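Chemist: Sequence:
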Amino acid sequence: MTAGSTLPPRPPEVRVRLLATNDLLASVAPLPAGHGRSGTVDGVVGLLEQESRRGPTLWLDSGDFTGGPLWSLTGRRDWALLADLPIGAAAAGNHEFDEGTAAARAGADALAFPLLCANAAAGLAPARLIGTAAGAVGVIGLTHPHVHRLAPGPEPVGDPADVVRAHATWLRAAGADWIVVLQHDGVEWWPEAPRAGVRSSRWLDDLRGWSTHADAVLGGHTLGRWAGRLGSTVVGHAHPFAESVLVVDLTTSGAVPAGFAAVAPAAPGSHVRRGAAERLAAAAAERVGTNPAALTSVPGAGGYLPSAVADAFRTSAGADAAFVPPHAFFTQAPVDGAVAALAAGPVSELDLHRLFPFPDDSVIVAGIEAGELGRLRRAHDERTDPRTPGNDHLWWNWSRAPAGVSDPKENPHTVALLEHVRPLAESWLGRPLTVEDRFSARDAMRGYFR
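The opening position of the sequence shown corresponds to residue 672 in our numbering, with each subsequent residue numbered one higher.
Just so you know, the hints here were simulated from the structure itself, not pulled from any lab data.
Owing to the predicted nature of the structure, the values given are computational and were not obtained by experimental measurement.
All the given hints hold, so there is nothing to weed out.
Pairwise CB distance ranges (calculated):
| # | residue 1 | residue 2 | range |
| --- | --- | --- | --- |
| 1 | Asp780 | Arg945 | 17 to 27 Å |
| 2 | Pro757 | Gly902 | 24 to 34 Å |
| 3 | Leu800 | Gly1038 | 55 to 65 Å |
| 4 | Pro1030 | Gly974 | 21 to 31 Å |
Distance condition first, Cα-Cα at most 20 Å in a straight line; then the derived EDC-like pairs of lysine to aspartate or glutamate:
| # | residue 1 | residue 2 |
| --- | --- | --- |
| 5 | Lys1080 | Glu1040 |
| 6 | Lys1080 | Asp982 |
| 7 | Lys1080 | Glu1107 |
C-beta: ideal position from N, C-alpha, C; glycine also.
When you get a sec, could you build the whole thing from the sequences and use the hints?
Modeler: Put into structure tokens, the structure is as follows:
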């Protein structure tokens, strides 16, 4: 299955075609990437319209369609950006809960499509039966199994096998010809040139207890695309940021993986998205400094972005050292193996908000004792090494690359690190960190590139 600029041929036995997306993160405008420019949600609309002329077609999304740099630029989560999209149904991802469960429910009420969450008490519908001219598709939504650690969302409850079995049984009784599970989880991946490495074993192991109740399981959350089968069930997900869609065909004998299709950017289709695209363009035109050499999240492929960020944090704070795990950064789909990159040349305000797309970009400076920086580095890098599949189950371990460390002093007594990394650091050191100072990550980068 290879990506292309057009959708794959539609065999005559196809009754319904699914276009599956994940981790759209409010991609309303094409943004620069190491491999070119990203797709857009309106580009997916174009694919949907194209395929619908050939037969019944559904767009399904596995979550994290909200958020992105617009959130930090404007300070607000605007669900109206995506409310009118012709999505058949979406699962709640962890980023839908970034502002809490009540905010997720309020945002869901504004959507033209159902936001589903069957495995946590979020006050959202668990499933939906969607009728088409060629049959009914039953859709079940599962949020991430560790959503409560990733965001201020509800903790998943119950055995996923029981949850899926119960809802699949209800949907079949209600007339579903096919069952599709949208799960906000996916394959392990790691930055690597010329394309991201992927491993599906942990995800498939997690699905074995219930995948037989579904014709297809469409995932996301992790950023390297993959598709295959678990028994007779189609399993997979596309790239993030509207870079591609996974195409799955529903026939009288079940589901068939039909390939991936690249998404071409398209003009915003609503006045809300047009306004947002203009806001992004204004931030892109606001120059804050210059980057002397290209930076990437791929280790050994040139300037290492996490290390440059660590240098910025250390020098901005006057700290002795800085520690920056790479899972903090996701500016692009890893089509070329990199999930984050910054080109040489002018650096814009938008570049900084893509690096740190959260309103709270706090960095702390904490006191450390002799040898503790080395312990942090080893604890992180041993777990994130992609050659260690035994660590695939760790909920935070979605970007398998070494930490960026800036430590010119032999025995550092202070370290700068992002606030959201603090709980992991404390667990590895076995003690609470004492915060001596706090500053903005984006401010640190402005000073670094100025």
